[in-house]
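Asks: Given only the sequences and the hints, what does the whole structure look like? Please build it.
Chains as they are written, first to last, in numbering that gives the first Met the number 0: chain Z, 0 to 156; chain Y, 0 to 156; chain X, 0 to 156.
None of these hints come from the bench; they were simulated from the model. Among the hints, a few may not be true.
Which copy? The list can't say, so a pair holds if one copy fits it or any two copies do.
What the hints assert, rightly or not - Taking lysine-lysine and the DSSO-like style, the derived pairs with C-alpha atoms no more than 27 Å apart in a straight line are:
#1 K68 to K128
#2 K2 to K72
#3 K54 to K89
#4 K93 to K72
#5 K47 to K64
#6 K47 to K113
#7 K54 to K93
#8 K2 to K86
#9 K2 to K47
#10 K86 to K68
#11 K86 to K72
#12 K93 to K60
#13 K94 to K54
#14 K86 to K55
#15 K72 to K60
#16 K60 to K94
#17 K2 to K113
#18 K2 to K93
#19 K54 to K86
#20 K86 to K128
#21 K89 to K55
#22 K68 to K93
#23 K94 to K55
Read off the chains here:
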Amino acid sequence: MTKRTTIVLFSGDYDKAMAAYIIANGAAAYDHEVTIFHTFWGLNALRKTENIQVKKGFMEKMFGKMMPKGADKMGLSKMNFAGMGPKMIKGVIKKHNALTLPQLIEMAQEQDVKLVACTMTMDLLGLQKEEFVDNLEYAGVAAYLADAQDGNVNLFI
Amino acid sequence: MTKRTTIVLFSGDYDKAMAAYIIANGAAAYDHEVTIFHTFWGLNALRKTENIQVKKGFMEKMFGKMMPKGADKMGLSKMNFAGMGPKMIKGVIKKHNALTLPQLIEMAQEQDVKLVACTMTMDLLGLQKEEFVDNLEYAGVAAYLADAQDGNVNLFI
Amino acid sequence: MTKRTTIVLFSGDYDKAMAAYIIANGAAAYDHEVTIFHTFWGLNALRKTENIQVKKGFMEKMFGKMMPKGADKMGLSKMNFAGMGPKMIKGVIKKHNALTLPQLIEMAQEQDVKLVACTMTMDLLGLQKEEFVDNLEYAGVAAYLADAQDGNVNLFI
Numbered sequence: 000m001t002k003r004t005t006i007v008l009f010s011g012d013y014d015k016a017m018a019a020y021i022i023a024n025g026a027a028a029y030d031h032e033v034t035i036f037h038t039f040w041g042l043n044a045l046r047k048t049e050n051i052q053v054k055k056g057f058m059e060k061m062f063g064k065m066m067p068k069g070a071d072k073m074g075l076s077k078m079n080f081a082g083m084g085p086k087m088i089k090g091v092i093k094k095h096n097a098l099t100l101p102q103l104i105e106m107a108q109e110q111d112v113k114l115v116a117c118t119m120t121m122d123l124l125g126l127q128k129e130e131f132v133d134n135l136e137y138a139g140v141a142a143y144l145a146d147a148q149d150g151n152v153n154l155f156i
Numbered sequence: 000m001t002k003r004t005t006i007v008l009f010s011g012d013y014d015k016a017m018a019a020y021i022i023a024n025g026a027a028a029y030d031h032e033v034t035i036f037h038t039f040w041g042l043n044a045l046r047k048t049e050n051i052q053v054k055k056g057f058m059e060k061m062f063g064k065m066m067p068k069g070a071d072k073m074g075l076s077k078m079n080f081a082g083m084g085p086k087m088i089k090g091v092i093k094k095h096n097a098l099t100l101p102q103l104i105e106m107a108q109e110q111d112v113k114l115v116a117c118t119m120t121m122d123l124l125g126l127q128k129e130e131f132v133d134n135l136e137y138a139g140v141a142a143y144l145a146d147a148q149d150g151n152v153n154l155f156i
Numbered sequence: 000m001t002k003r004t005t006i007v008l009f010s011g012d013y014d015k016a017m018a019a020y021i022i023a024n025g026a027a028a029y030d031h032e033v034t035i036f037h038t039f040w041g042l043n044a045l046r047k048t049e050n051i052q053v054k055k056g057f058m059e060k061m062f063g064k065m066m067p068k069g070a071d072k073m074g075l076s077k078m079n080f081a082g083m084g085p086k087m088i089k090g091v092i093k094k095h096n097a098l099t100l101p102q103l104i105e106m107a108q109e110q111d112v113k114l115v116a117c118t119m120t121m122d123l124l125g126l127q128k129e130e131f132v133d134n135l136e137y138a139g140v141a142a143y144l145a146d147a148q149d150g151n152v153n154l155f156i
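Replies: Spelled out as structure tokens, the structure:
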């Protein structure tokens, strides 16, 4: 029987998102059905890098401006040092021929990991489909639970 | 067979506690038996808002004063901006007719989600039953594991 | 059938590591097979306190210097107050005859909890076996998934 891994990615930190995607890619390589459900700040990993023009209220504009646009712009959960930390991590990733977060996301998509954006958070923070990368599913907590309740490995990151 | 969701709420952040209670309420709506085990800073979500007079040592008084009294006083894990962040989140919650954290907790209680306060942390931080809202259970890690080991969805938030 | 608890310890915070080890020790007492997979900042809990001389590149030296050497040097996830928080927590731990993090780790080793250091993170941050305490296993995400996919309680902390 197919095994299943379901990860809630709540965090908007580069290092935590890396951990989520490394586990997801590992599980996919072991033939698990894998879902990453991006909610709250975890949605930032899926944002397009460029500025997308969409109509928004004032508060939603503020959130949109303040939150990082895409995986490459995210900070670290520890030792961020005003942006020096991410530079250092990306330095050692390059040096050791490891994969960056954007590369890990690309690999996950190639391995058919299901990437879901939480529609409730999108409503709340005013994020719109146009602002996200392609090939995502859009769903709420009910869809998450439907996957997770039969999951072998369920994590909240 | 009844499915079971068991969440450890360790975090004292408004946004993480929201995520915990949204998943818990969703799982309860799907007829899961749901437990939220509040430990460490997660206990703050269950504190009464008003100042309760109880006898405490010096350190326990310090912890009691420094930690937020109740769900409404908690900060954000990201973009807290000295309290502006929570105001913004509560603003968009109101605007989009979503539920605040205190409302999510109330709904969980109405749906018979089992809310547990970790007695070991209470001892450690000097928190007493009088300082918490009603209808809680009080237990330790053994009770948590008894629930979790048969759980379908186990999360640490 | 033997139950299994598998914890990813990603966090380098004293309080989160305490929670991980309290759950692990509880599960071991209930005869679970328990694994703690230390990755990213969670590796710091396993570092030796003393300065170990090993050859490293510049960036790896920087990481080595900036990260806490061992469980006793780790900060809190909340209310760290430039080191005052950990002192306060250790104060109440002593007062209430609870176990410190180094004692919890020792107990876990006595209970045969499997402590794993993530080799990918070691490569990335330039941490070497000589810098860690004894009796660890060294493995990657594949070994983690092999344990976790049959786990009853899987947590990411």
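Asks: Hints first: check each against the structure and report whether it holds.
Replies: Going through the hints against the structure:
1. K68 to K128: within (14 Å within a copy, 38 Å between copies)
2. K2 to K72: So K2 and K72 fail the 27 Å test inside a copy (33 Å) and across (39 Å) alike.
3. K54 to K89: between (34 Å within a copy, 21 Å between copies)
4. K93 to K72: Classified as within: same-chain Cα gap 17 Å, cross-chain 29 Å, threshold 27 Å.
5. K47 to K64: within (13 Å within a copy, 35 Å between copies)
6. K47 to K113: Answer is within; shortest intra-copy Cα gap is 18 Å, inter-copy 40 Å.
7. K54 to K93: So K54 and K93 pass the 27 Å test across copies only (20 Å; inside, 38 Å).
8. K2 to K86: neither (36 Å within a copy, 42 Å between copies)
9. K2 to K47: The answer is neither: 31 Å in one copy and 38 Å across copies each exceed 27 Å.
10. K86 to K68: both (16 Å within a copy, 23 Å between copies)
11. K86 to K72: Intra 10 Å, inter 25 Å, cutoff 27 Å: intra and inter.
12. K93 to K60: Only across copies: K93 and K60 sit 16 Å apart there, 34 Å inside one copy, limit 27 Å.
13. K94 to K54: Between copies, since 16 Å is at most 27 Å while 42 Å is not.
14. K86 to K55: between (32 Å within a copy, 19 Å between copies)
15. K72 to K60: Answer is both; intra-copy 18 Å and inter-copy 25 Å each pass.
16. K60 to K94: Result: close only across copies, 14 Å inter versus 38 Å intra.
17. K2 to K113: both (14 Å within a copy, 23 Å between copies)
18. K2 to K93: neither (32 Å within a copy, 40 Å between copies)
19. K54 to K86: between (33 Å within a copy, 22 Å between copies)
20. K86 to K128: Answer is between: at 25 Å across copies they meet the 27 Å cutoff, but 29 Å inside does not.
21. K89 to K55: So K89 and K55 pass the 27 Å test across copies only (17 Å; inside, 33 Å).
22. K68 to K93: both (22 Å within a copy, 25 Å between copies)
23. K94 to K55: Classified as between: cross-chain Cα gap 13 Å, same-chain 41 Å, threshold 27 Å.
Checked against the numbered hints given earlier, this structure breaks hints 2, 8, 9, 18; the rest are met.
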